[in-house]
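J.: Starting from the given sequences, assemble the full structure and let the hints guide the process.
This is what each chain is made of:
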Amino acid sequence: MTRTRRVRVGWRASVGLTGDVLTYLVVPLSFPLLLSVYYAESSLPFLVAIAVTLALGSGFRRLADPEEDLGPREAFLAVALIWFLVAAVGAIPFVVAGVGTIAHPVNAMFEAMSGLTTTGATVLRDFSLHSRSVLMWRQVIQWLGGLGILILATAVLSEIGVGGAQLMESESQTQDVNKLTPKISATARLIWGLYLGLTVLAIATYFVLGLAFDPRMDLYNAVAHAFTSVATAGFSPEPLSVGAFHPVIQWAVVPFMVVGSTSFVLLYFFINGEPMRLLRNEEFHFYLGVLATFSSVVAIALFLDPSTTFGAEGTLRHAVFNVASIVTTTGYASTDYVQWAPAAKHVLFACMFVGGMVGSTTCSIKSLRWLVALKAFRRNLYTAIHPEAVRPIRVTGKPVDEEVIRDIYGYLLLSIVIFFLLTVVIVVDAERADLRVTEFEAMGAAATTFLNIGPAFGEAGPYGTFASFSMTTRGVMVVLMWIGRIEIIPVLVLFTRAFWTS
Amino acid sequence: MHVVIVGAGEVGTSIAASLAPDHEVVVVDVDPDRAEQLKYELDVLTIAGDGTTSGIQTAAEVERADMVIACTDDDRTNLVTCGTAKTLGDGFTIARVKSTEYLRTWEGNEGAFGVDFMVCTDLLTAENIVRVIGLPAAIDVDPFASGLVQMAEFEIAAESPVAGQTVSEADRFESLTFVGIFRNGEMIIPRGDTDIGAGDRAVVIGSPESVQSFANDVAPDATPGRADEIVIVGGSEIGYQTARLLEDRDFKPRLIERDSARARALAEDLPNTVVMEHDATDTQFLSREHVDEADIVVTALGSDEQNLLVAVLAKRLGVDRVIAVVDSADYVTVFEEIGIDIAINPRTVTAEEITRFTYESVAENIAVLENDQAEVLELELTEGCGLVGRPISELVDEIDVRFVIGAITRNHALVTPRGDTVLQPGDHVILLVDSDDVGEIASMA
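Going down the list, the protein sequences come from chains A and B. The C-terminal position of the first sequence is numbered 510 in the working numbering, with every residue numbered one higher than the one before it. The C-terminal position of the second sequence is numbered 747 in the working numbering, with every residue numbered one higher than the one before it.
Hints are computed from structural coordinates only; laboratory data are not their basis. Incorrect hints may appear among the rest.
Said to hold, decoys possible - Away from chain A, derived, C-beta distances all over 12 Å, residues of chain B:
| hint | residue |
| --- | --- |
| 1 | Ser320 |
| 2 | Leu347 |
| 3 | Asp375 |
| 4 | Ala414 |
| 5 | Ala460 |
| 6 | Glu488 |
| 7 | Ser562 |
| 8 | Arg566 |
| 9 | Leu572 |
| 10 | Asp581 |
| 11 | Asp622 |
| 12 | Arg658 |
| 13 | Val698 |
| 14 | Gln726 |
| 15 | Pro727 |
What the hints assert, rightly or not - Computed from the model, here is a short list of chain A residues facing chain B with C-beta under 8 Å:
| hint | residue |
| --- | --- |
| 16 | Ala397 |
| 17 | Arg402 |
| 18 | Pro407 |
Just so you know, even glycine gets a beta-carbon here, dropped at the ideal spot from N, CA and C.
T.: As structure tokens, then:
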């Protein structure tokens with residue numbers, strides 16, 4: 009006798025929500041569409057994408073069942089589905105445009121996933137082949153993914169209501185959904201308003217500095233870079249990234265990356281008369297401390313290396329810029345650091361694992377997890393001597409729940425394991441495909457994709473391309489960027505039996 | 303005065319005993335046997351019944367009572383008793399509570415629950431313990447303005463570093479004021495250039511923290527310093543409040559609690575206390591954690607038996623001073639005879655506080671100094687009274703009375719009085735005044 013297990017997930021609710029989000033994707037897609045008309049380029053890539061997303065969206069919405077509630081499981085499923093499908097739709101314009109490396113579907117998917125997850129690793133080889141509207145689309149995807157699509161969805165779709173908190177928490181495990189207002193959608197709107205405001209400020213800053221110092225920073229580039237710096241994303245329409253611009257502009261990008269990696273809730277308090285909540289926050293101190301320490305170490309390493317010839321200001325700028333770019337998980341570069349001495353390069357590699365603050369646009373492991381883990385470790389040293397002592401871990405004076413500490417340990421371990429496995433996959437696959445990839449380059453590429461940073465080392469450096477890896481490796485990377493961005497758990501739970509049946 | 307006391311336990315009985323000679327006292331208790339028994343012990347009227355009901359309160363003639371004291375063992379009974387009393391008459395109501403939560407609520411809005419004065423047993427006991435720990439050198443210590451302000455009197459020994467200094471040299475603390483110096487039985491109103499000599503008694507008023515720091519200056523040997531080890535055994539409410547008050551005074555105590563959930567909760571609330579989860583009667587643990595080298599051990603466990611055991615153990619291990627909380631007043635002398643340095647009974651402390659309060663008339667709170675040469679008063683200023691609206695320096699020149707303002711509390715925050723401070727209605731003023739002039743000052747408030 010066969011026994012059928014009842015599926016206990018209200019998947020129709022998740023699919024319905026995915027349909028809503030896909031339909032709304034028309035709005036961001038129309039921006040490059042208008043741009044293509046303005047520049048008299050082909051509009052076809054975006055028209056096709058709009059048609060597909062509308063068709064998919066309405067199909068999904070038809071499957072929706074208004075009776076079903078969006079509980080924790082449905083939220084996990086929706087988060088995983090939405091991040092994957094939005095990337096898939098985002099890849100369509102690249103395939104339809106049909107030029108360069110990204111015409112291939114796997115590469116297009118890589119580029120779109122790298123964009124949406126704000127990784128910033130690219131498979132483009134020759135930037136000049138692509139139309140301005142297609143290049144702008146890469147930037148727009150990153151901006152959408154910056155703060156998380158589901159925070160945006162919660163802000164826009166008022167019917168999400170109660171499920172919104174669930175969604176925002178599923179999208180980002182440690183995001184303390186500190187409700188700023190009693191209504192979650194209003195909170196999401198406040199945070200997105202702040203994000204929008206910062207982006208506008210970045211556009212204005214870059215544009216004005218462009219007028220003053222560098223004609224290449226025109227309105228197009230100002231918008232393109234504002235989108236990806238506040239989102240700590242890292243794509244640039246310039247093959248030389250931010251290194252293409254005047255030093256003053258490079259300095260100006262740094263604060264926007266740093267602010268983008270600062271908790272938006274605390275930023276909101278900062279500009280609304282409670283600056284001390286940010287300035288007294290321990291995670292913020294830790295995060296700035298990490299930035300300062302790594303920048304100084306890299307600067308010293310560069311000063312000590314006789315082969316670098318940047319001059320004093322240049323050395324300091326390249327050290328600060330590239331450390332900030334990697335710690336905030338942006339992935340811009342001001343120079344090709346692949347050429348640097350091993351010491352400086354390896355410090356940059358270490359920077360990949362830090363990440364900015366929880367509740368920001370950053371990726372990677374995030375400062376709060378490290379801070380709590382370090383404090384928990386220090387406590388272990390203390391309790392080794394005083395086994396009876398009861399010492400709660402405190403962050404900014406507030407005790408941290410022991411369960412949260414356990415989750416953080418688990419997350420750290422899981423991240424490190426996945427990183428190692430991915431490294432092994434890259435090395436083995438490179439061997440199979442007869443590519444020359446050193447272990448360090450493989451580790452760099454694994455960390456940079458899984459932790460959503462951007463460029464790696466060697467061929468895949470800031471001025472290189474990921475197109476040199478084998479197709480299989482790139483496929484695996486697509487999946488891991490997806491998993492890494494939504495903090496592992498929402499995807500992994502989908503593969504457990506308990507999720508579906510019990 | 304017609305006084306109604308609800309609850310004839312140790313606290314109620316003790317208050318009744320001290321009031322009975324001079325006042326008309328009615329005691330209400332829910333237990334008829336207890337009521338009957340008390341009738342023969344004290345010269346009071348006793349009524350058996352539920353003191354929260356208007357029926358019983360009417361029988362006790364609450365409507366013409368000057369004061370209603372609710373001091374049963376149950377917080378809610380006491381609050382409801384006061385609430386009911388306010389519906390019947392306008393007597394001054396005093397409630398005894400254990401929960402500091404109720405106290406905080408009441409402090410936020412005095413008059414809440416129909417309570418005019420609230421005495422929090424556990425907090426009061428903890429304050430007493432901390433005073434005993436922190437100010438062994440003081441001759442007299444009294445709290446004012448619900449603990450925000452402290453008055454302390456110190457005798458200046460010849461070897462004290464303060465001896466020979468002037469007042470302005472000795473007063474290094476922002477929120478501390480010298481209000482009086484007694485020399486050969488004479489009161490001197492101190493000025494900045496007044497010398498402090500050996501054998502003088504100095505009276506200071508200020509925040510408890512500043513008084514603690516001053517005690518350190520006056521008697522550095524007797525006063526425990528930051529480096530002294532204080533161990534609190536037992537995470538009861540009294541243990542917790544003691545640790546919290548010690549933290550406020552910059553000590554870093556250790557607290558031993560057996561229950562793991564309670565230990566965790568305490569550790570979360572007490573950032574500067576090292577909380578240990580263990581059985582305090584385990585001698586191996588005590589010696590491993592060097593509790594035997596502690597300067598002070600406070601036992602605040604749940605039962606007298608446990609407190610006795612731990613206190614004796616601590617004393618045997620060689621702890622300098624052991625302070626024990628003793629729940630039953632009868633055992634206080636037993637504890638002290640065994641060799642425990644100080645035994646504190648929460649009920650006695652509460653009864654004393656309430657009794658002290660009943661003596662007071664115009665002033666909110668008083669302390670009598672040096673055979674009634676001077677008194678320290680806490681006055682609540684009313685709208686349009688003689689003291690408000692003008693800077694203190696003008697008042698001092700104008701009023702022909704020997705007085706010094708030591709501290710002011712405004713909206714439950716301490717304001718240090720200076721010459722240009724202007725008093726406002728609603729302020730609580732803590733001042734020292736010559737006993738002969740108490741009436742005059744009180745009439746101006």
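J.: Next, verify each hint and record whether it holds.
T.: Each hint, compared with the structure:
no.: 1; hint: Ser320; in the structure: holds (43 Å)
no.: 2; hint: Leu347; in the structure: holds (52 Å)
no.: 3; hint: Asp375; in the structure: holds (30 Å)
no.: 4; hint: Ala414; in the structure: holds (27 Å)
no.: 5; hint: Ala460; in the structure: holds (43 Å)
no.: 6; hint: Glu488; in the structure: holds (50 Å)
no.: 7; hint: Ser562; in the structure: violated (8 Å)
no.: 8; hint: Arg566; in the structure: violated (6 Å)
no.: 9; hint: Leu572; in the structure: violated (10 Å)
no.: 10; hint: Asp581; in the structure: violated (10 Å)
no.: 11; hint: Asp622; in the structure: holds (22 Å)
no.: 12; hint: Arg658; in the structure: holds (37 Å)
no.: 13; hint: Val698; in the structure: holds (39 Å)
no.: 14; hint: Gln726; in the structure: holds (27 Å)
no.: 15; hint: Pro727; in the structure: holds (30 Å)
no.: 16; hint: Ala397; in the structure: holds (5 Å)
no.: 17; hint: Arg402; in the structure: holds (7 Å)
no.: 18; hint: Pro407; in the structure: holds (4 Å)
The structure is inconsistent with the numbered hints 7, 8, 9 and 10, although it conforms to all the rest.
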